[in-house]
Amino acid sequence: MESYALLLGSTLSAGTVLAIAALGLLINEKAGIVNLGAEGMMLCAAIAGFATVVHTGSFALGLLAGMAAGALLAVLFGWLVIWLNTNQYATGLALSLFGVGFSAFAGINYVQARLPDTPKFSWPVLGDLPVLGPALFRLHPLVYLTMLLVVLLMWFLYRTRAGLVLRSVGESPQSAHALGYPVRRIRLLAVAAGGALCGLAGAYISTVYTPLWVEGMVAGRGWIALALTTFATWRPARVLLGAYLFGGVTMLQFHLQASGVHVASQLLSMLPYLATIVVLVLISRNPTWIRVNMPASLGKPFFPGS
Amino acid sequence: MNTLNKRTLLKTAALSAVTLAVLAGCGKKEEAAPAAAPAPAAAPAADKLKIAFMYVSPIGDGGWTFQHELGRKAIQEKFGDKVETSFVESVPESADAERVMRDMAGQGNKLIFATSFGYQEFVQKVAADLKDVKFEHATGYKQADNVATYDTKTFEGAYLAGIVAGGMSKTKTVGIVASVPIPEVVRNINSFVLGAQSVDPSIKAKVVWVNEWFSPPKEAEAASTLINGGVDVMYQNTNSPSVLKTAEERGARAFGKDGDMSAFAPKAHLGSAVVDWTPYYTKVVEDTLAGQWQSGSFWWGVKEGAIDLKKIADDVPQDIKDRVEKARAGLKDGSFAVWTGPIKDNTGKELLAAGQVADLKFLTGINFYVAGVEGKVPGTEGK
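Protein chains in written order, with our numbering: chain X, 39 to 344; chain F, 325 to 707.
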């Protein structure tokens, strides 16, 4: 019983990293921009956040620095693809490669640096429950904030005027432009917001989740987050569920191994990818899901006045 | 074999034009450094033995390449004016490696250290063309007239760590975060457990495979799972200090590997199994300078000073430290071998009879768990 509660708790933690980044990318993509630079942004944010915590001792400042680093890179990316109309996929890949290299360079002197102990968090009353308390109610606050973020994002996208404008920019930038909306500025804001969230995820990895800095430590989570937005058919709630599923399957395979269940670990490692394929198959059986939700102008350049 | 580690991500890093540009800059800076040392103008440059090192990842990886770089610095210091060393980092295990080696030879290097398993085919190819250059290939198995291979007995470090683990585990269950199921890793897992059982035969072990060489978040998740499962002392065969860091957070204990990782987790750190390439590099340079370089396959361990358990934690009881010292002394003078029978696998089958010492063939083909380890080695489930 206790081990299952712990398994659930670690699933929520593992999923949170993916969910934050994927929600950021979702905002991007709702505005019609694909940013393949997520991995690079997360790495740069990871070292920015780590270095900030090393120098200031404040985890909050570290997370903010990560968000700033992510947003900064995203704005650079945004300027290239929105104003200069460079190819989004190529530019994103370049950003990713740049981020991997640059973070390694910037982090050379931080490889052996130590962070102060992570402050412990616990919900009042709930945190003291037997079994469930330690497993579910003493996780990092960001785990709970991410759940809140999903609700906020759903409200923003589907219940507010600003959300409607954002989506229209992703569906039909020409129409939005004709109606007088500043398409480029809106897209840049969306890209910056996405970058900030990717940055938050990166800084969370290096300061809280795996509190150390080594090169390439994001280890592909940026790419998984990108896959998650498609996997979730551009729906915030499904992004969260998908993130928990991805995180959960990984934790489950470790859990099975540690409890001595004799299943080939390679087979277990494969499960998250198998799950993705199954979901993609289910989605393609009902193509309206994906058509309804996928922004119609995703990845396409926009020339105002054309 | 250890060198497969860096891979996936660091390869991406190596591809980055920015990294290459930046790192090329670093390399040049280092090359210039020896010139700053007092170099008598009388010594003509032609007399110097030029030595080049090719690294698979940046020196900043804190592990594999970092340790090789320490070896390079040591020989530059020891041999001073007699040698001139340089290096190129982040060389992908691709045709680029071949180009880099040809370039190194073109610049007059007569001794080239290729420090990653994946360079093997390229070393063979270049060496066949350049007969007057000596090649040293770390972790490979293919030799030639001018190609020698070398590696470290990391399992001896794992065994020494195991002794400490056996003395420190209160739950009598130790855990290992394992990377990729190849014989070297399985041998390390078993050696660690044999070390622990030499202190307390009732010790049990759990293994969690990450199936990657380097993925800090996954390594942390695997370590967490082991702690949830009742493990209080962990060893890892993965490449980052992530397991150690997780142990620190969760109040468990763990070891560093390849390099000294004590700085990452002072409370959790029980010791680091540190690989030291300096003795081997010193020997090779000495031989080359004396004109006595020979090809061959070298597998050095505690005896030669290539691996040792360092920075053992202060709270480890003295009798345990004495046991480590005894095993270390035995490995040094050859009176003790880690793989000495009786050794049974975890199905009860006796693999080494009492007093029997494993030979090279046995050691390089280990694909079972010793008694006390739960589960089966991945890939052998059906057997």
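One should not assume that every hint holds.
[Said to hold, decoys possible] Reference listing, derived: stretches of chain F covered by chain X, where coverage requires no fewer than 3 residues with Cβ under 8 Å from a Cβ of chain X:
(1) 490-496
(2) 529-537
(3) 550-556
[Said to hold, decoys possible] Residues from chain F that face chain X, not an exhaustive set, calculated with beta carbons under 8 Å:
(4) 398
(5) 544
(6) 546
(7) 628
(8) 632
[Said to hold, decoys possible] Interface residues of chain F toward chain X, partial, derived using beta-carbon atoms under 8 Å:
(9) 382
(10) 540
(11) 587
(12) 668
(13) 672
(14) 674
(15) 696
(16) 699
Derived by calculation from the structure, the hints in this document are not laboratory data. Note that beta-carbon positions come from the ideal geometry of N, C-alpha and C, so glycine has one too.
Structure-inconsistent hints, enumerated in ascending order:
1, 4, 7, 8, 12, 13, 14 and 15
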